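Assemble the whole structure, with the sequences as input and the hints as a guide.
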Amino acid sequence: MADTGQKALIEAILHGDSNAYRQFIEQYKNLVAHVVFQLIPNPIDREDICQDVFVSAYQHLKDFQYQSKISTWLARIAYFRCLNYLKKRRAVLFDDHTPEEMTFDDVASASFDPYEDTEKKERLVLVREALAQMPIVYRTILTLYHLQEMSYQEIGKVMELPSGTVKSYLFRARTLLRQRLTAVNQEEDAW
Amino acid sequence: MVTHLNDERVQELLDGQFPIFERREIEEHLKSCDACRERVSQYEELYSTLETAPDTELSRSFARTVLRKTNIEEIGSVQFGLTQVFAALAAVIVVVNTLLYFIEWNSLKGIAAVIGKSLIAFVPALSKSGSTTLQDVDIKGSLVFIVGAVILFLLFLFDRYLLQPRFRSSN
Numbered sequence: 001m002a003d004t005g006q007k008a009l010i011e012a013i014l015h016g017d018s019n020a021y022r023q024f025i026e027q028y029k030n031l032v033a034h035v036v037f038q039l040i041p042n043p044i045d046r047e048d049i050c051q052d053v054f055v056s057a058y059q060h061l062k063d064f065q066y067q068s069k070i071s072t073w074l075a076r077i078a079y080f081r082c083l084n085y086l087k088k089r090r091a092v093l094f095d096d097h098t099p100e101e102m103t104f105d106d107v108a109s110a111s112f113d114p115y116e117d118t119e120k121k122e123r124l125v126l127v128r129e130a131l132a133q134m135p136i137v138y139r140t141i142l143t144l145y146h147l148q149e150m151s152y153q154e155i156g157k158v159m160e161l162p163s164g165t166v167k168s169y170l171f172r173a174r175t176l177l178r179q180r181l182t183a184v185n186q187e188e189d190a191w
Numbered sequence: 001m002v003t004h005l006n007d008e009r010v011q012e013l014l015d016g017q018f019p020i021f022e023r024r025e026i027e028e029h030l031k032s033c034d035a036c037r038e039r040v041s042q043y044e045e046l047y048s049t050l051e052t053a054p055d056t057e058l059s060r061s062f063a064r065t066v067l068r069k070t071n072i073e074e075i076g077s078v079q080f081g082l083t084q085v086f087a088a089l090a091a092v093i094v095v096v097n098t099l100l101y102f103i104e105w106n107s108l109k110g111i112a113a114v115i116g117k118s119l120i121a122f123v124p125a126l127s128k129s130g131s132t133t134l135q136d137v138d139i140k141g142s143l144v145f146i147v148g149a150v151i152l153f154l155l156f157l158f159d160r161y162l163l164q165p166r167f168r169s170s171n
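In order, the protein sequences belong to chains A and B. All letters in the first sequence, in the order written, are residues 1 to 191 by my numbering. All letters in the second sequence, in the order written, are residues 1 to 171 by my numbering.
Quick caveat, the hints were computed from the structure, so don't treat them as lab data. Since the structure is predicted, the reported quantities are computational estimates derived from the model, not experimental observations. Be a bit skeptical, because a hint or two may be false.
Unchecked claim - With a straight-line cut-off of 30 Å between C-alpha atoms, the simulated DSS-like cross-links for lysine-lysine are:
id: 1; chain 1: A; residue 1: Lys29; chain 2: A; residue 2: Lys88
id: 2; chain 1: A; residue 1: Lys7; chain 2: B; residue 2: Lys69
id: 3; chain 1: A; residue 1: Lys157; chain 2: A; residue 2: Lys62
id: 4; chain 1: A; residue 1: Lys167; chain 2: B; residue 2: Lys31
id: 5; chain 1: A; residue 1: Lys120; chain 2: A; residue 2: Lys29
id: 6; chain 1: A; residue 1: Lys69; chain 2: A; residue 2: Lys87
id: 7; chain 1: B; residue 1: Lys69; chain 2: A; residue 2: Lys29
id: 8; chain 1: A; residue 1: Lys157; chain 2: B; residue 2: Lys69
id: 9; chain 1: A; residue 1: Lys88; chain 2: A; residue 2: Lys7
id: 10; chain 1: A; residue 1: Lys69; chain 2: B; residue 2: Lys31
id: 11; chain 1: A; residue 1: Lys121; chain 2: B; residue 2: Lys31
id: 12; chain 1: A; residue 1: Lys69; chain 2: A; residue 2: Lys157
id: 13; chain 1: A; residue 1: Lys167; chain 2: A; residue 2: Lys121
id: 14; chain 1: A; residue 1: Lys167; chain 2: A; residue 2: Lys69
id: 15; chain 1: A; residue 1: Lys29; chain 2: A; residue 2: Lys157
id: 16; chain 1: A; residue 1: Lys120; chain 2: A; residue 2: Lys167
id: 17; chain 1: A; residue 1: Lys69; chain 2: A; residue 2: Lys29
id: 18; chain 1: A; residue 1: Lys29; chain 2: A; residue 2: Lys7
id: 19; chain 1: A; residue 1: Lys7; chain 2: A; residue 2: Lys157
id: 20; chain 1: A; residue 1: Lys167; chain 2: A; residue 2: Lys157
id: 21; chain 1: A; residue 1: Lys87; chain 2: A; residue 2: Lys157
id: 22; chain 1: A; residue 1: Lys88; chain 2: B; residue 2: Lys69
id: 23; chain 1: A; residue 1: Lys167; chain 2: A; residue 2: Lys88
id: 24; chain 1: A; residue 1: Lys121; chain 2: A; residue 2: Lys29
id: 25; chain 1: A; residue 1: Lys87; chain 2: B; residue 2: Lys69
id: 26; chain 1: A; residue 1: Lys7; chain 2: A; residue 2: Lys87
id: 27; chain 1: A; residue 1: Lys120; chain 2: B; residue 2: Lys31
id: 28; chain 1: A; residue 1: Lys62; chain 2: A; residue 2: Lys29
id: 29; chain 1: A; residue 1: Lys62; chain 2: B; residue 2: Lys69
id: 30; chain 1: A; residue 1: Lys167; chain 2: A; residue 2: Lys29
So, in structure tokens, the structure goes:
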């Protein structure tokens, strides 16, 4: 599954090459951050969890069997690390979760395009807020599918779910999101 | 004949799951159906927003902190430091010996000879007599290079098979 470049990189890491591991971190930190930031509400803990994911990956890299993509393997570590964190804090995985407050400025600062129109930013805020209120399983699937462009099978491997279930959850999550956004828009129009 | 598109069919359309002929039929339907066009438009906006990466900026020291937590950086720097010291010593010896051989600076040549002799004492096979006395050693330019190369090779073996496995196992 892993290409030659990835294998060479992993071999170099296993031989103690710190530069190779630094390269590995740079290559996959966005993937890990997307999963962790989507699932962990507390901003203070997010970076620590991302670090733990990479430390754990380093400790178990020798056991990687090339049966899946390294990104799938790493996303799986990130996902279960987040679940453990949330379980310790008694978060309910399938119920709605109260998100942290997200301001307009938070989302606006995430944008790199200064000319991006206000309407799009507002929609971004609405989607992020609606997303943060969704069950963790839905959020994870939406992140892996839309941001990491993983297939149903790959997401299934990450989350230990059948690919049919992944497809079904993905459909439900997007339908739920659209319904929430439509409801918000209708409320705003009523004002 | 295409019926109205429900949520599932719109999502399948945008996920590219329809074959091309069915897609064309749907596109034809959309031209004449405002309700379906509106639904598709809403989903297109949703997809576009979901594909916009959120702000997940990690600190600048993120990679360094991970490397420190795995002990790989400290180990790496020690490993590099030792290698550097040995390589520098070997290079200095080779350069000094070579320069002195060509310059024929007699006062320092003796010192070079002592250094060369000491090195050769570790490699008896390369010495003509295998003796360790100064008088028996005739430093040749080529020999200096050979000794330098042997040191570098031993250094490589030391680094590759003794230092690195020890660092790996310590993790």
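Taking the hints in turn, this is what the structure says about them:
For a cut-off of 30 Å, the pair hint linking A/Lys29 to A/Lys88 stands: about 24 Å separates their Cα positions. A distance of roughly 23 Å separates the Cα atoms of A/Lys7 and B/Lys69; the hinted pair therefore holds under the 30 Å criterion. For a cut-off of 30 Å, the pair hint linking A/Lys157 to A/Lys62 stands: about 19 Å separates their Cα positions. With a CA separation close to 28 Å, the supplied pair A/Lys167 and B/Lys31 stays within the 30 Å bound.
Pair hint A/Lys120 plus A/Lys29 holds up; C-alpha atoms about 27 Å apart against a cutoff of 30 Å. Straight-line distance between C-alpha atoms of A/Lys69 and A/Lys87 comes to about 27 Å, which keeps the hinted pair within the 30 Å bound. With a C-alpha separation of about 16 Å, the suggested pairing of B/Lys69 with A/Lys29 holds against the 30 Å cut-off. As the CA atoms of A/Lys157 and B/Lys69 are separated by approximately 28 Å, the hinted pair is consistent with the 30 Å bound.
Only pairs whose Cα atoms come within 30 Å are accepted, and A/Lys88 paired with A/Lys7 is rejected, the gap being roughly 35 Å. Under the criterion of a C-alpha separation no larger than 30 Å, the hint pairing A/Lys69 with B/Lys31 is inconsistent with the structure, at around 41 Å. This hinted pair checks out: A/Lys121 and B/Lys31 have alpha carbons roughly 29 Å apart, not beyond 30 Å. With a C-alpha separation of about 10 Å, the suggested pairing of A/Lys69 with A/Lys157 holds against the 30 Å cut-off.
Straight-line distance between C-alpha atoms of A/Lys167 and A/Lys121 comes to about 28 Å, which keeps the hinted pair within the 30 Å bound. Only pairs whose Cα atoms come within 30 Å are accepted, and A/Lys167 paired with A/Lys69 is accepted, the gap being roughly 20 Å. With a C-alpha separation of about 19 Å, the suggested pair A/Lys29 and A/Lys157 falls inside the 30 Å cut-off, and the hint holds. This hinted pair checks out: A/Lys120 and A/Lys167 have alpha carbons roughly 27 Å apart, not beyond 30 Å.
Pair hint A/Lys69 plus A/Lys29 holds up; C-alpha atoms about 15 Å apart against a cutoff of 30 Å. A C-alpha spacing of about 18 Å is found between A/Lys29 and A/Lys7, which places the hinted pair at or below 30 Å, so the restraint holds. Distance check on the hinted pair: A/Lys7 and A/Lys157 sit about 20 Å apart at the alpha-carbon level, within 30 Å; holds. Between A/Lys167 and A/Lys157 the CA atoms are separated by roughly 13 Å; this keeps the pair inside 30 Å, and the hint holds.
Restraint check: the Cα-Cα separation between A/Lys87 and A/Lys157 comes to about 21 Å, which is no more than 30 Å; the hinted pair holds. Under the criterion of a C-alpha separation no larger than 30 Å, the hint pairing A/Lys88 with B/Lys69 is consistent with the structure, at around 22 Å. Between A/Lys167 and A/Lys88, the direct Cα distance comes to roughly 29 Å. Compliance with the 30 Å bound is thereby established for this hinted pair. Simply put, A/Lys121 and A/Lys29 have alpha-carbon atoms about 25 Å apart, close enough for the 30 Å limit, and the pair holds.
Our distance criterion of 30 Å between C-alpha atoms is met by A/Lys87 and B/Lys69, whose separation comes to about 24 Å. Restraint check: the Cα-Cα separation between A/Lys7 and A/Lys87 comes to about 34 Å, which exceeds 30 Å; the hinted pair is violated. As the CA atoms of A/Lys120 and B/Lys31 are separated by approximately 25 Å, the hinted pair is consistent with the 30 Å bound. Between A/Lys62 and A/Lys29 the alpha-carbon distance is near 20 Å, which keeps this suggested pair within the 30 Å criterion.
Simply put, A/Lys62 and B/Lys69 have alpha-carbon atoms about 17 Å apart, close enough for the 30 Å limit, and the pair holds. Proposed proximity of A/Lys167 and A/Lys29 is supported: the alpha carbons are some 26 Å apart, at most 30 Å.
When each numbered hint is compared with the structure, violations occur for hints 9, 10, 26.
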